[in-house]
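Residues per chain, in single letters:
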Amino acid sequence: MTTKNNYPSGTSGATSRIHQAQKPPRARLRLLPYALALPIILYELALVVYPIAQGIYGSFQQIELAANSPPTWVGLKNYQRMFSDPDFWKVMQTTLIFTGLVIIVAIGVGLATALLFNRPFRFRPLARAMLMLPWAFPEVPVVMIFVWILSPQFGVVNLLVRWIPGVTTNPQWLQVPVLAMGWVVLIASWKAFPFYSLVILAALQSVPQEIYEAAKVDGANSLQLFWRITVPSIRTTLELLVVLASIFSFKQFTIIYLMTGGGPSGATETIVMRIFNTAFRFYDYSYATALGVAGFVVSLVIAFFFIILQSRRAQENS
Amino acid sequence: MTNMAVSPGATPKKSKVGQTLSTIVLYVTVSVVSVMTVFPIYWMLVSTFQPSKYTLHYPPPLIPKEITFYQFSELFANHPVALWLRNSFLIAMMAMLLCTALTVLGAYTLSSLRWKGRTTFGLFLLVTQMLPEILILIPLYKIYQQLNMLDSLPALSLVDTAFALPICIWILKGVFDTVPTEVLDAAVVDGCTELSVLWHIVLPLSTPGLVAVAVVSFFSAWNEFLFAVIMLTSAEFQPASVGLTTLKATGFTPVEQYMAAGLIFSILPVLFYLIMQRYIISGLTAGAVKG
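Protein chains in written order, with this note's numbering: chain A, 1 to 318; chain B, 1 to 291.
One thing to keep in mind: the hints can contain errors.
Claimed, not checked - With a cut-off of at most 20 Å between alpha-carbon atoms, the simulated SDA-like pairs for lysine to any residue come out as follows:
#	chain 1	residue 1	chain 2	residue 2
1	B	K16	A	R119
2	B	K53	A	V157
3	B	K65	B	V255
4	B	K53	A	I149
Keep in mind that the hints were calculated from the coordinates and are not lab data.
Predicted model, so just to flag it, every value in this text is computed and none were measured.
Start from the sequences and build out the full structure, keeping to the hints where you can.
So this is what it looks like as structure tokens:
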């Protein structure tokens, strides 16, 4: 949150003078920002905050979504069920593995490509534009592409793995738990890494060139340059991206849902998938809201980290 | 721009051979990375334009043997693709108009006006943006059900707007921030009110930002899948993002039509996201990165 613009705080001479001269109704002036923000706050309250409050309230009840019977108050029953449900802990573990792997792969590849594309070569603008393509693609067609590429019958990826000695048949890519998780991670990372790459590239380009020159004169080798100059100067950016990546991959629904639906046998069922399946496949509305509250707590924690990093960064910039 | 550790030719000690070698390594690496990144999209294009008698064959040819265009007309003849696209367009259009209008107000209070709740307002938007959609979906489904708002395109676009609004406000706030304070002060000297400063000075100077906001709000509603698949139940209201997945489910759609449908759906969002990427990225990071 930069505080670049201080109009109409009255700090600039011209502004305050003119305000005195014209004597605008001060109450109206002070009300204007609130009047402009109000529609947005009301909008988000109605469509985001109120449903969440409803969800929290609903998690203490037993509600039948299909039937029109009135909800009954059950207290902590849904939560007791959740914490004693071994599946819940398995889902949390899967969420952690998926989120963690996407963070590592997407930011790792993002960093590597940013370092690579920061060096001058011919056709660089073209190569950079091509690199952004996966990010610009909508999720549904991305899934369509990969379902086709991974088809055990005709999938083009089989050309590649058949080179590996010992592989004589096309694998059932999405039927084997480890492979399914691997592919979901890869696809989510493929879609996300260009964004991280571009942000890291922007950070790399803001590192003053003179520091590198000076270090080279002092006899630093390339590894030292990387660890002593590059890494420290993009550290805040990387931290910010790790938090952003955890938010984005924690939220991930469409790719997992359309690739595996959480399967095979729950291998790719993250908490978001679990909430969806509980509510819309098993119609267990009450339990789904309790799971939703658990998901809400996790995303609030991540959001909290983001805000801390964000404000620290804003302070550094100013 | 020459940066990084091992930039070729940076050290005078290096021999000419070593230089050429590292240049070759650089170009090979760049090519491999680019090919790996773009290959799935290339394969989508190949599978769209090549008749399936070649694609449905193992091993498939990596370079298309024949190119046809009949699949597009067949796709539209065999599936209600036109209806899907129309629905997507309507949802996206409504979301765009509503979102852009609200964004202008939000970005102006966040950028140019000084008030007590400003930081809190910004944080409120940030947190809203970070919540998984699924958390809102279940209770909202119940609320919509009670209000009889399920299976309605405008009602869906309301939800899409709620999720696009925070990032749009951050995008436009970043653009409003670049309008020089002196310009605003000069306008006030000339007797402008805050609102006329916004209307006559800030907005005309922020056209690219407004375009970016329109693009993001339009295409986030266009691409949206989760709310659409749950909230719209009847076939006549199905948007393209949901319709495409039914093509997959039937399994009878020839590959080239299936891929053509994906291509038609993607072409506009890809184009506009690439053009507007600088703004979108600054919005996604809430102004922390200018992109």
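Outcome of the hint check:
Using a Cα cut-off of 20 Å, the hinted pair B/K16 and A/R119 holds, with the two alpha carbons roughly 19 Å apart. Between B/K53 and A/V157 the CA atoms are separated by roughly 19 Å; this keeps the pair inside 20 Å, and the hint holds. The suggested pairing of B/K65 with B/V255 holds, with an alpha-carbon distance near 16 Å, which does not exceed 20 Å. Distance hint between B/K53 and A/I149 is fulfilled; the C-alpha atoms sit about 16 Å from each other, no more than 20 Å.
The structure fails none of the hints (numbered hints given earlier).
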